[in-house]
Amino acid sequence: MGSVASPVSEVTAISIGPRSHAIPSGGLADVLEIPDLAALHDAAARTGTRLVWLVDARAAPSQSTLSALLEHADAPAVSVPVDARGALVEAALGRVADEDPATLLERVVERRVPLRHTTVTSLVIERELVATMPPPNPYRFGPYAGTEWTARVFAESPGMLVPASRVEVVAPPPGSLAQAVRMAGSGSWRRGEALRELHRVVVGR
Amino acid sequence: MGRTDTQTATVCAVVVTYNRSDLLSRCLDHLEAQSRRPDHTVVVDNASTDETPRLLAARDGIELLTLHENLGSSGGFKCGLEHAYQQGHDWLWMLDDDTLPDSRCLEQLLAGAARAPRRPSIIASVVRWQDGRLHPMNRPWLRARARSDFVDGVDAGLALIRTSTFVSTMIHRTAIAEHGYPPAHYFVWLDDMEYTGRVLRHAHGYIAPESVVWHWTPQPYSTLTDARERFYYKARNHLWLLRRGESFGGRERITYGWAFLTAILTYLRDSDDRGRALRTTFRGIRDGLRREPRE
Chain H
1 MGSVASPVSE VTAISIGPRS HAIPSGGLAD VLEIPDLAAL HDAAARTGTR LVWLVDARAA
61 PSQSTLSALL EHADAPAVSV PVDARGALVE AALGRVADED PATLLERVVE RRVPLRHTTV
121 TSLVIERELV ATMPPPNPYR FGPYAGTEWT ARVFAESPGM LVPASRVEVV APPPGSLAQA
181 VRMAGSGSWR RGEALRELHR VVVGR
Chain X
1 MGRTDTQTAT VCAVVVTYNR SDLLSRCLDH LEAQSRRPDH TVVVDNASTD ETPRLLAARD
61 GIELLTLHEN LGSSGGFKCG LEHAYQQGHD WLWMLDDDTL PDSRCLEQLL AGAARAPRRP
121 SIIASVVRWQ DGRLHPMNRP WLRARARSDF VDGVDAGLAL IRTSTFVSTM IHRTAIAEHG
181 YPPAHYFVWL DDMEYTGRVL RHAHGYIAPE SVVWHWTPQP YSTLTDARER FYYKARNHLW
241 LLRRGESFGG RERITYGWAF LTAILTYLRD SDDRGRALRT TFRGIRDGLR REPRE
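Residue numbers (the working numbering), protein chains in the order written: chain H, 1 to 205; chain X, 1 to 295.
These are calculated hints, taken from the structure and not from any lab test. Quantities reported herein were computed from a predicted structural model and do not represent experimental measurements. Please note: incorrect hints may appear among the correct ones.
Partial list, computed: chain H residues near chain X (C-beta under 8 Å) [what the hints assert, rightly or not]:
| no. | residue |
| --- | --- |
| 1 | 80 |
| 2 | 83 |
| 3 | 90 |
| 4 | 101 |
| 5 | 170 |
| 6 | 181 |
Chain X regions said to be covered by chain H (calculated; three or more residues, Cβ under 8 Å) [to be verified]:
| no. | region |
| --- | --- |
| 7 | 94-102 |
| 8 | 160-168 |
| 9 | 197-211 |
By construction, the Cβ of each residue, glycine as well, lies at the ideal position given by its N, Cα and C atoms.
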C-alpha cells in the first residue's frame, strides 16, 4: 500500500467537460466544473486542498472509486476504466510502464502498477503538481491531450494504476489525423503505439 | 485433475545438479528450511564426477535419480519432471542446483496460486542475484499487453507472465497432461523458454512477487555474457524454438527473431576471441537449421 489514506475532505473534485454523470461528492472539500482540460491549470490554482480528483464528466465513478485511489495517493493514482459490463476499456487505460520489471514487481506487491500515460478519466493527484506542470493542450492534441499531459506528469512523478478503483467510461474517440500526427511527434507514444493509433485514425476503427 | 488449493495440493521439488556439490548442499538446506516444505524432493544427478554422489548418498529426505550420462539441464529437468508427474503430485517445482529459495518461497508460491484470478498453469518466483538486483538471466517476461488479464493479476498482487525459467518455477500437473515435457534434446538453455512459452501461450501464469529465490551464480551474467562456447546451444536452440512455432506466434516470433539477431551481434561484439565466436555461432546456426530431433 502506498501510504496512510488521505481523507476525502482533503480532496477537491474537478469535473472536466459537459457533465453527464454526478460525482459522488460526500465529504469532498469542493467540486469544480471546467469545460475542458485547457482550464485545468487555473482550476487547480483556485483550490485549497492538497489533492485534486480529476474526473471526466462523462465517466461514472462509484462510491468506492475515490476511496480506493486515496489508499495510493502518495503518487498520481488512476482508476481502471471499465464499461457498463465491468470489462476493461483498453483505449482509455494508457500504457503500463514495463521497462523496469524490478520496480513493477515492487508495485505489484502493493496492488498497483506504474503507468507511462493514461487518459484523464479518474485521477487523484497533488494539486501542486497540476499547478506547476505546463497544462494540457486540447486545442493541439484533441482527445489525446490527457495522454500527452499525463506522459509529462508521470515522467516527473510516476502514475499508478489502482485496480481496486474502477470507473465506468465510454471509449474515447480517435482524434483527427493532424492531432494524431502531432501526438506522434510529441514523444508521448512509443513507435508501436503511434503506428497503431495512426492506423485507427485512418481506417476508423 | 490436480488440486490447486494451498492446503491440500502436494508439491514435489525437482532439483537438477551437475558437479556443484557445495551449491547443491546449500540449495537442499534452503529447501529443508522452507516454512511450507515440499512434500517430496527429487534430485536429478546428471552423472556428476565431484563430491555430489557422496553428498547425496548421505542426505536424508530426498529421492535421488542418477543419470548414467550428463544429459544437460534440459535432459535432467525432463527426467525429473516426468518422474515427479508420475508420482501424482499437483505442483512440480523446478529448481537449479545454484538456487537458494527464501524461507517463505514455496509458501508464497502456493499463496499466489490460491489467489490467482485465473487458474494458473505456472507460478514463478522473483529471481535475484547476490546483490539483490533481478538476475539478468532470469528477468521476467511480463505480459503487460494482455491488459485486462494483467490488471486482474495486479489486483491479486500477481504479475502475469509469458515465460519463466527453471530457476524457481512451479508447474501444475494439468499443464503437463496437456503439453507434455520440456525438450530434453536442447541440452542446456532455452528449454524452459520453449516449454513455458508453449504452456502459457493460451494459459495463465504469474510471478508471485513475495516469493524470492537467489540465483547464486559467480557473476550476474546472462545467456550472452556467460556464453563462452555455450553460445552454440543458445544459437541452435533459439532457431529450433523459432522454427517449431509452438511457443510463440505472430508478433512474438518477430520480436523473438529480432532478439536472436541482436544476441548474435552482441556476442560477436563482446567476444575476446572473435574467430572462435564466429565458429561457435556458425555451428549453432547450422545445427539450428537442421531437422530438430523430436522425442
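Contradicted hints - numbers only: 2, 5, 6, 7 and 8
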